[in-house]
Every structure is written in structure tokens, then in C-alpha cells.
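Listed below, chain by chain, are the residues.
There are 2 protein chains.
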Amino acid sequence: MIATTRTRILEEAAKLFTEKGYETTSVQDIAQATGLSKAALYHHFRSKEEVLYEISLLALEGLIREGEKALSEPHPSLALLRFMEGHARFFEENHAFFVTMLQGIKSLSPEKREKTVALRDRHEANLRTILRRGIEAGVFRPVDVALAGRAVLSMLNWMIRWFRPGGPMRAEEVARGYYDLILRGLEREGA
Amino acid sequence: MIATTRTRILEEAAKLFTEKGYETTSVQDIAQATGLSKAALYHHFRSKEEVLYEISLLALEGLIREGEKALSEPHPSLALLRFMEGHARFFEENHAFFVTMLQGIKSLSPEKREKTVALRDRHEANLRTILRRGIEAGVFRPVDVALAGRAVLSMLNWMIRWFRPGGPMRAEEVARGYYDLILRGLEREGA
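As they're listed, the protein sequences go chains A and B. Note that the first sequence covers residues 1 to 191 in UniProt numbering. Note that the second sequence covers residues 1 to 191 in UniProt numbering.
Please note that the accuracy of each hint is not assured.
Chain copies aren't distinguished; within one or between two, either way the pair holds.
Stated by the list, open to error - Result set (PhoX-like, lysine-lysine): computed pairs, CA atoms no more than 25 Å apart in a straight line:
#1 Lys69 / Lys38
#2 Lys38 / Lys112
#3 Lys115 / Lys69
#4 Lys20 / Lys48
#5 Lys48 / Lys112
#6 Lys15 / Lys106
#7 Lys15 / Lys69
#8 Lys115 / Lys48
#9 Lys20 / Lys112
#10 Lys20 / Lys106
#11 Lys115 / Lys38
#12 Lys15 / Lys115
#13 Lys38 / Lys48
#14 Lys106 / Lys48
Worth flagging that the hints you see were computed from the coordinates, not collected in a lab.
Given the sequences, and given the hints that come with them, work out the whole structure.
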């Protein structure tokens, strides 16, 4: 893929937002990192918020695609595993975009925030569908799907706080560990 | 308890850090919220960072006390339940302190950061002890205690992103839901 100027701006901005935080990154910082003048940057994006918004949309659309691939897997346990692996892999491969999206939501204007929240809800709804199908198929216990979905996403999303790409473990491996834990539970059968 | 000036400063600062973020809150903002002059505030704390540090220490010491109460419960499953309830209850009752502590660590100087990380590690070590005892007693499966501990803390800590005190549900109830899920797992026995 040819990295267009627009793409380069988004990538440099996502890195800066992740390292320094959105509030403390200036348009000047983004222009400098991309090797552009502020005027050239404003040719591509009207504001810093628009950069944040586009990063968030791209991250969420990518995540949703992963979730939808998992949804097409007919066996509920395997679908859950694929969902968790896909979410974790996407996070690792698109680290700065993912972190920016998760941390940036509070800095968006109400209208843009509403649209990103709707995309997040769609991703979460896909997970709930997998859980619901598992319950209907008698594979999963009749748990509260909202609570269980939240538990799964909490484990995966909290990885932004401690997981660093390029370390000894792949994010997907962590996700598989969490999957085994949430599927089978801590308690020894018959204990 | 008589709210000393020092306590009032910490409380107002924690609220501001939670609402506006640490970086965007000024010493002037804290002084104003507490009804003090900047000079009076500097009489109590040498810097904004010192305020953040004291909030973080108080939050972590409180959390550790909750964890240690749980640790004194001999039955492993009950100890885990108490740990999760205690963590969630402390979070709800000390919302601004807890959120400030979790979000503020990256803004601390290396030396202060090291000390807060050591306290967090101590809290996590207490949880791992509970899990290890459960495995040794044959109550829990022989899971990776580091991974399982991380899963539990991820679920509880991610609550800072969505749970608001004063809503229809207590944080402890959410913790009990997570406990049931992590203990028994999603999979129906014999499925």
C-alpha cells in the first residue's frame, strides 16, 4: 500500500496521541512529525479533533470486521475464541490507532462521540450475539450476556495498560489464556 | 472525621483530576476549588505532583487493606469473592481517588512511580496468593496465577471506564457477577 500523506498524518498523530496524550499534542507537533507545514496539514484535516475522529473510526471499523469474521464461525466456543483472538491481534497490529481510539473518546465533540459509541456498541453487540447463540445451543450456561460480554472486553481492553507490542508474548496468546479461563472457569469440576 | 485543609485539598484535587485530567488541571484550579490562595496551597503541598502522589498512596493503601482482609478468609473461593467485592466497593466509595491513582501513574516522576507500582504489585500479589492457595487446596484448577490475577483485576479496573457511582447497581454487585463468571466459567458442565 502506498502511504498517502493523509495516512502518514494519521499514523504520526496516533503515535503522538498514544505517547504524549491527545490534549498535550499540538497540530504543530503532528505537522513536524509528518514533515509538513501546519498549512499543509490543515489542507488535509480541518482540526486536531478531525484527526482523532478519523483514527477512531478506522480502528473501530477494523475491530468490527474482526468481530464479524468471528461471528461467521458456527460453533459458539470457537466463535468466542476467534472474537477474542481477532480483537487482541487487531490491537497489537494497530497499537497506536487502537489506544488512541480507546483513550480519545472523551475528547470528541458530542456528535462525533455518539458515532464512535455506536460503532463500539456494534462490536459489543457482535460479541453478545456469540454468547447468546452459545446459550441457545446449550454450550454456555445461561449467564447475563451483557455482563459476560463486558467481562471479555474488559480483559482485552485493559491490555492497553500493560501489554507492549514486540514483547515476548503475542497479544493473541494472552487472549487464548483469557478464553480458556472465561470458558472453563477457575473452579475445578467436582470441587 | 474532621476534614482538615490537607484532606480537603486532596479531595478537590482528585475530583478535578478525574473530571478534567491531571495535565489540564492547574494548581490555581485546585486552590480555587478548595477556597484557598495558591500560596496557602503551596504551604501544604510543594507541587501538583505531590498532591497526585499522596492521592495515589492513599488509594493504594486503602485497596491493600481490603485485599488483606480478604486474604484472612481461609476458604479460597470466599477469599476471592471478598477480594473482588472489597476492590469494587473501595473503588465506588473512593471514586475520584481510585480513578486518579489508576490514571495518574504515568504523570509521576520515576521515583514516585516506582513506589506506587510497588504498592500495586503488593495488591496483585495478595490476589495471586488467594489463587495459589485455591490451587493447592484443589478448589481451583491449576491455572496460571499471573494470568488469572490479571484477568480479575482487568475486569474490576476497567469499571473506571463505564461504571458511575450512584447508578442503579452497586459496584459490589458487578464484582459478584464477575466472580461467578470467572469461578464457574461460561461452559455448561458436560457440554
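Going through the hints against the structure:
no.	hint	in the structure
1	Lys69 / Lys38	neither (40 Å within a copy, 56 Å between copies)
2	Lys38 / Lys112	within (24 Å within a copy, 37 Å between copies)
3	Lys115 / Lys69	within (22 Å within a copy, 44 Å between copies)
4	Lys20 / Lys48	both (14 Å within a copy, 18 Å between copies)
5	Lys48 / Lys112	within (13 Å within a copy, 32 Å between copies)
6	Lys15 / Lys106	both (18 Å within a copy, 16 Å between copies)
7	Lys15 / Lys69	neither (28 Å within a copy, 42 Å between copies)
8	Lys115 / Lys48	within (17 Å within a copy, 36 Å between copies)
9	Lys20 / Lys112	both (22 Å within a copy, 19 Å between copies)
10	Lys20 / Lys106	both (16 Å within a copy, 10 Å between copies)
11	Lys115 / Lys38	neither (28 Å within a copy, 41 Å between copies)
12	Lys15 / Lys115	within (23 Å within a copy, 28 Å between copies)
13	Lys38 / Lys48	within (11 Å within a copy, 33 Å between copies)
14	Lys106 / Lys48	both (14 Å within a copy, 23 Å between copies)
Consistency note: the structure conflicts with the earlier hints numbered 1, 7 and 11.
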